[in-house]
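The primary structure of each chain is shown beneath.
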Amino acid sequence: MHKARPFFGFAFVTVLTCLGSVSAQDLTIWSLWSEATGTGTVFRDVLETFQASSGLSVEHTTFGEDLPEAYETAVLAGRQPDLVIINLVDKPADWLELGATVPVTAWLDEWGLRDRVLEVALEQWTTPEGETQAFPYSGFVWPVWYNTKSLEAANLEVPTTTDELIAAAKALREAGKDPVVVGGIDWSGNKLFWQVMQSYVPAEEVIPLFQEGGYCGNEGATRGIELFLSLRDAGVFADNVEGLQAANMNSAYFDASAAIMPAGTWAIAETPEAVAQDTYLGGFPVPADGIYTKPTAYAGFTGAGFWVSPSGAEKVDSVRAFVEYMYQPEIAARFVTEGNNISPLTDIPIDSATAAPLLIQAQNDLNARVEYAVLADTYIPGDALGQTERATALAFTPGTSLDEVCSALDAAYR
Amino acid sequence: MLPTAKDSFGGVPSTPPTTNTRHGRRRWGEMLAFLVLAGPAFIWFVVFMLRPFTEMFRLSFRDWYGLLRPSEPVGWANYTYMLQDPIFWTAARNSAVHIAVTLPLMIVLAFTLGFFLSLRPRGYRLLSIIFFTPAIISAPVRIMMFLGLYAPDGLINQGLRIIGLDTLTRVWAADKSTALGAVISADLWAGIGFTAVLFAAHLSGISKDIFESAELDGATWWTKLWRIAYPISRGYVGVLAMLQFLWLLLSSAQNVLLLTNGGPGNASTTLAFYLYDQAFVASRLGYSQAIGVVLFVFGLAGMLVIRASFKEPI
Numbered sequence: 014m015h016k017a018r019p020f021f022g023f024a025f026v027t028v029l030t031c032l033g034s035v036s037a038q039d040l041t042i043w044s045l046w047s048e049a050t051g052t053g054t055v056f057r058d059v060l061e062t063f064q065a066s067s068g069l070s071v072e073h074t075t076f077g078e079d080l081p082e083a084y085e086t087a088v089l090a091g092r093q094p095d096l097v098i099i100n101l102v103d104k105p106a107d108w109l110e111l112g113a114t115v116p117v118t119a120w121l122d123e124w125g126l127r128d129r130v131l132e133v134a135l136e137q138w139t140t141p142e143g144e145t146q147a148f149p150y151s152g153f154v155w156p157v158w159y160n161t162k163s164l165e166a167a168n169l170e171v172p173t174t175t176d177e178l179i180a181a182a183k184a185l186r187e188a189g190k191d192p193v194v195v196g197g198i199d200w201s202g203n204k205l206f207w208q209v210m211q212s213y214v215p216a217e218e219v220i221p222l223f224q225e226g227g228y229c230g231n232e233g234a235t236r237g238i239e240l241f242l243s244l245r246d247a248g249v250f251a252d253n254v255e256g257l258q259a260a261n262m263n264s265a266y267f268d269a270s271a272a273i274m275p276a277g278t279w280a281i282a283e284t285p286e287a288v289a290q291d292t293y294l295g296g297f298p299v300p301a302d303g304i305y306t307k308p309t310a311y312a313g314f315t316g317a318g319f320w321v322s323p324s325g326a327e328k329v330d331s332v333r334a335f336v337e338y339m340y341q342p343e344i345a346a347r348f349v350t351e352g353n354n355i356s357p358l359t360d361i362p363i364d365s366a367t368a369a370p371l372l373i374q375a376q377n378d379l380n381a382r383v384e385y386a387v388l389a390d391t392y393i394p395g396d397a398l399g400q401t402e403r404a405t406a407l408a409f410t411p412g413t414s415l416d417e418v419c420s421a422l423d424a425a426y427r
Numbered sequence: 029m030l031p032t033a034k035d036s037f038g039g040v041p042s043t044p045p046t047t048n049t050r051h052g053r054r055r056w057g058e059m060l061a062f063l064v065l066a067g068p069a070f071i072w073f074v075v076f077m078l079r080p081f082t083e084m085f086r087l088s089f090r091d092w093y094g095l096l097r098p099s100e101p102v103g104w105a106n107y108t109y110m111l112q113d114p115i116f117w118t119a120a121r122n123s124a125v126h127i128a129v130t131l132p133l134m135i136v137l138a139f140t141l142g143f144f145l146s147l148r149p150r151g152y153r154l155l156s157i158i159f160f161t162p163a164i165i166s167a168p169v170r171i172m173m174f175l176g177l178y179a180p181d182g183l184i185n186q187g188l189r190i191i192g193l194d195t196l197t198r199v200w201a202a203d204k205s206t207a208l209g210a211v212i213s214a215d216l217w218a219g220i221g222f223t224a225v226l227f228a229a230h231l232s233g234i235s236k237d238i239f240e241s242a243e244l245d246g247a248t249w250w251t252k253l254w255r256i257a258y259p260i261s262r263g264y265v266g267v268l269a270m271l272q273f274l275w276l277l278l279s280s281a282q283n284v285l286l287l288t289n290g291g292p293g294n295a296s297t298t299l300a301f302y303l304y305d306q307a308f309v310a311s312r313l314g315y316s317q318a319i320g321v322v323l324f325v326f327g328l329a330g331m332l333v334i335r336a337s338f339k340e341p342i
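Quick mapping for you: the protein sequence lines, in order, are chains A and B. Per the numbering used here, the first sequence starts with residue 14, numbered consecutively. Per the numbering used here, the second sequence starts with residue 29, numbered consecutively.
Next comes chain A alone, as it looks inside the complex (with noise of 0.2 Å):
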């Protein structure tokens, strides 16, 4: 046994160094940007020049869609990360009320930094209460891709009615194209059957109906739910839709399999460039008697901020450095053309020569096209989000009723 003692001694010493090292670190942050994409390409770089900069060494993690939980447990462990880098939506919109992060509204105005950021994405980013949760610092547009090249072989226009819709899809059929797609499985589908949903619900009840349920007692609800599945049973959707996931309908709209799919502005860098040329950005097409007078898209500037933890909070110094980085225009536009982010920033050159079309469209032309539908994710509670998922992918099965579907959503609210 006392052979035994120097490997025990070293390796509690060595445990003791690897718990300290997390703490010497000036700054950890941890993130959903991967290096797999645009983003978290552009985020390692700039780190890099931010820690040459300004003397701070920065330990970066990246997480998966467990972020949430991780940061959660830390949090439990009293192990967080100073900095966490995720969007507005579900477990993080309690974060602020729990302690596990804290307000950034002083900060902002104590920095001056409340100017450079759009009002209505600090609205996004502010409880009733009026306490900003983070700092903005990426926002998204969620349009309809369409493909003018097959409309045109059709004999088409970019649809903007439903009746225009299920004529096209016909036609677009006809021609051997699959009309809209969508993965009707998963999230992509999830959100478009909100979109559609929402097509005769009033604005002053959309939101109460996402955060308490109630659809099948909603007569705009039920109203909107007959006609998604009235353009399912028209053809509109691609065939087997019900089992097609977003990197199906990815796949599908750039090798032009597919006329039509709702994608966000994060699509963008995936695009083929021929594709890219023939595409133009629009909405979804709106019933004549709807709420809505021009197809709808969805907008947000919640795609992702600077939560600052309360270990965030001891180091304000570090973490002013570094969001004062962050929010310098020429850093922040490399995360517009080279991450094709939408910036929630009021002075982000866009340079035309090295952006993306697309993005430029989409920042250019699409408020002149489109209403913007509520984004039903802000709203539904967190316990019912999960459910809501699976009952809207019911909706895209051939067959299924509206009473299934709008009685499998309001179970997702018990």
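Derived from the structure by calculation, the hints contain no laboratory data. We put the beta carbon where it would ideally sit given N, CA and C, even for glycine. If a hint is listed, it holds; no wrong ones were tucked in.
Across the chosen pairs, the derived CB separations fall in these ranges:
| no. | chain 1 | residue 1 | chain 2 | residue 2 | range |
| --- | --- | --- | --- | --- | --- |
| 1 | A | Gly189 | B | Leu193 | 17 to 27 Å |
| 2 | A | Ser66 | B | Phe160 | 54 to 64 Å |
| 3 | B | Trp104 | A | Pro221 | 27 to 37 Å |
| 4 | A | Pro323 | B | Gly176 | 37 to 47 Å |
| 5 | B | Ser205 | A | Ala184 | 25 to 35 Å |
| 6 | A | Glu225 | B | Gly192 | 45 to 55 Å |
| 7 | A | Val329 | B | Arg86 | 37 to 47 Å |
| 8 | A | Gly189 | B | Ile191 | 23 to 33 Å |
| 9 | A | Pro323 | B | Leu63 | 40 to 50 Å |
Partial selection, computed: residues in chain A whose CB lies under 8 Å from chain B:
| no. | residue |
| --- | --- |
| 10 | Glu85 |
| 11 | Ala113 |
| 12 | Gly256 |
| 13 | Asp396 |
| 14 | Ala406 |
| 15 | Ala424 |
Given chain A, work out where chain B should sit, using these hints.
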């Protein structure tokens, strides 16, 4: 007359004191060695197995919404909610179907295949490796393979189209009538080969003389399998059936999550997946533990039933 040992304790003869002490010291030494060697494992068991297990029961009586929120006692509320929860009953039915279909098929097919392997046919070593391979493929890889099979243009539908059965094509993992079957098929594929190799290892230990004698008496392959090999191996079959039952009941969440996410609707939601969904997606931690308690009760009951069914006659 010198006193004898017999006189020491009222006439009861005894061993000499020096032998008693050595024997006692040896027993204490053995006990100490046992505690030192088994102690860490016992502590690990208490901390990482027993404690979480008892916590499951305790938390099932609490309302706990989110890791960072405090929990509060709510008595039997989680259980009364469960009785009225249609998704729970859908999941329970799906789990029952999942096990009722998969377990008998898996055990019967695996035992038959294992018997075949135990006969050491030509290439049995290679066959054993092939059959065992699904067990060493990670679940995500395995499910990716099945997603490719089940896709609208996957191998299954392509094969059906080639033989002119287009009307039978489905979106297998996304059709509410076939989604659970898709999960069952993936489990069968993963389990039959692995279990067969285990059976083969056991059956290889049976004396070949028994089978040769049976052959001389005119026993067919089928007779040897079910009238000789099975009765001899009954207890072992019961053990593997019990293990597979527990695996199907408690570990189905992984395959369901990767293959169908419990959908469409809740068509392929099993109890284990529902527990995961309530804990990690819905953050209803107290309710998820109540589901865990129910799973434990079902698991225990199932184990006892299987054990009684495969008990070897005296």
